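**Student:** What follows is each chain in one-letter form.
There are 2 protein chains.
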Amino acid sequence: MERDLTNKILAGDVRAGARLMRGIEDDLPEAIEELRNLYTHTGKAYIIGITGAPGVGKSTLVDVLITSFRKRKLKIGVVAVDPTSPFTGGALLGDRIRMGKHATDKGVFIRSLASRGWAGGLARAALSIIHVLDAMGKDIILVEAVGSGQGEVDISRVADTTLVVLSPGMGDEIQMMKAGILEAADIFVINKADKEGAENLKLQMEQMLDMVPQVEGDWKTPIILAQAVNGKGLEEIVKAITAHKRHLISSGKIEHRRKERARLELSEAIEHSLRLHVSEILDNGRFQKLAAALVMRQIDPYSAAEEIVKETLTGKKPRKSG
Amino acid sequence: MERDLTNKILAGDVRAGARLMRGIEDDLPEAIEELRNLYTHTGKAYIIGITGAPGVGKSTLVDVLITSFRKRKLKIGVVAVDPTSPFTGGALLGDRIRMGKHATDKGVFIRSLASRGWAGGLARAALSIIHVLDAMGKDIILVEAVGSGQGEVDISRVADTTLVVLSPGMGDEIQMMKAGILEAADIFVINKADKEGAENLKLQMEQMLDMVPQVEGDWKTPIILAQAVNGKGLEEIVKAITAHKRHLISSGKIEHRRKERARLELSEAIEHSLRLHVSEILDNGRFQKLAAALVMRQIDPYSAAEEIVKETLTGKKPRKSG
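Chains as they are written, first to last, in this note's numbering: chain A, -5 to 316; chain B, -5 to 316.
These are calculated hints, taken from the structure and not from any lab test. All values derive from a computational prediction rather than experimental measurement. Among the hints, a few may not be true.
Treat identical chains as interchangeable: a pair holds within one or across any two.
[What the hints assert, rightly or not] In silico DSS-like links for lysine-lysine, alpha-carbon gap of 25 Å or less:
id	residue 1	residue 2
1	K253	K283
2	K253	K38
3	K253	K304
4	K283	K38
5	K247	K283
6	K196	K239
Go ahead and model the full structure; you've got the sequences and the hints to work with.
**Tutor:** Printed below as a string of structure tokens:
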């Protein structure tokens, strides 16, 4: 990777930004070096998370949100960590990037994250990409992530405002609630609201939200009926985002959220660094031998892991990697 | 946790097994101690993974598979790591466990894994639960996991035979292919085959599988049309599982798969152990201070992480945790 990417990125150079993002995805040590330089210049963008099950219409919503924000002359970055998103492109059977219309707009930068090879590190990668977009001068960064409530990127830990998108008749929307998505949402969007069951879903959601104890001054999570495909409900969504941002700032909660995000990123960085140290120790054929012994049930994985970690923490000095 | 759980579990004691699983989920050090003892007694059960998007009917398929295996007098364990599965029970709006009919069958043990708190450690938890079921004498262990192709539990790394369940008209099934599910599947099941588009989906799948280069003696991934809800296609699925098991054994590939699984478990155990060491170091209020400095952009997370890891690896000796 060339030198001085940082200055180019701070000047908004799109190609320099793209290059660093590729470096991040390839996990190049130089990329982390650049991120180090960039980091102090970040923290200005407002981050909006859009999550929900596959098929609820997250990408369409992102699409119309981009258009709406662009009308206000805001510069937009998009990070798609959803494997079923059209943003991730390259679909097998010709499902071409629907977002092509933003491709020529210099005020919009869209970046997808491949899901393979990021196991456990998806949050770290997403946060790094967000930093680059932030440093490039984007005002708003939209992060689209599939949300099944599993241990994927918990978008609410990354975003300032989190939109949880549902749609009627998915069957699973209610079950997802128990996976903690209720607390994760700042705004609920019931998309495809022309479909049967939308009003009923809204009612159920309202009942569920009513069960959450509220203190005065708390944010009251709105539930918005929308049809992203034709822009219905869009204005209401944008207003709710603005209101939520105002609420975070006036209540001082934005500091808390950003501290949580910093904690997350620090944890991820520590784990990443440790993983590198362990993989150096394991690189010498030792892993293969241990795996074979495990299959034969000659040892157990917990004792083996303990032994290796002990070694890492006390004995051998790990070599510096180039 | 009481002593001597190991012997009780090896004798098939259901309550002892349940107790250890709870200990695993609560991450008790004693639970790992018991797992250590159990581990050498495991490796006998055959593990079948069932994955697919929410709504394709994974749980129904698991249900009828249990019934079918029980007719053959096989003892069954089930691990559900799918937050939308009825197995995980306790749904908010009265979606009661459909699987109640197996509840009184002593030959069936069903265990769900809560998704919260397992970020990054879901594979480790699933593998631990599998070991307990294995030690309890289960012949077959079914692992149901939602599969969006993200970094959740990659079930094919845990299972001997992996079933990928699709259903027509989900819209996302083809996109999922690109996320590597094509290589993950040993058997494809197109469920709800009475729905429009089933034959067409099968055709598309066949074309995709045809693009994968095959060597003689390779397993030929079957695509089975089924209606789990009324048992249609079930016999064919069971036959395909048996055939795949035979193939793994005769080709020697089963050793390879189990070695891969051991590698996965070892990696997870190492990371877990390291994480414990780091959290000890960070416990002393340092984390809070660092997070605050990060929000102020006084430091960057990569330098902070490096500093902490360096300290862990060289300086302070981590205290033993009780």
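**Student:** How would you classify K253 and K304 at a CA-CA limit of 25 Å: within, between, both, or neither?
**Tutor:** between (32 Å within a copy, 23 Å between copies)
**Student:** Classify it for me, K196 with K239: is the Cα-Cα distance of at most 25 Å met within a copy, between copies, both or neither?
**Tutor:** within (23 Å within a copy, 47 Å between copies)
**Student:** Is it within, between, both or neither when you check K253 against K283 at 25 Å Cα-Cα?
**Tutor:** between (43 Å within a copy, 10 Å between copies)
**Student:** Up to 25 Å between alpha-carbons, please classify K283 paired with K38: within, between, both or neither.
**Tutor:** between (49 Å within a copy, 21 Å between copies)
**Student:** Checking an output row: K247 and K283, CA cutoff 25 Å. Within, between, both or neither?
**Tutor:** between (51 Å within a copy, 18 Å between copies)
**Student:** When no copy is specified for K253 and K38, does a C-alpha distance of 25 Å or less occur within a copy, between copies, both, or neither?
**Tutor:** within (14 Å within a copy, 47 Å between copies)
Hint check: no violations occur; every hint is consistent with the structure.
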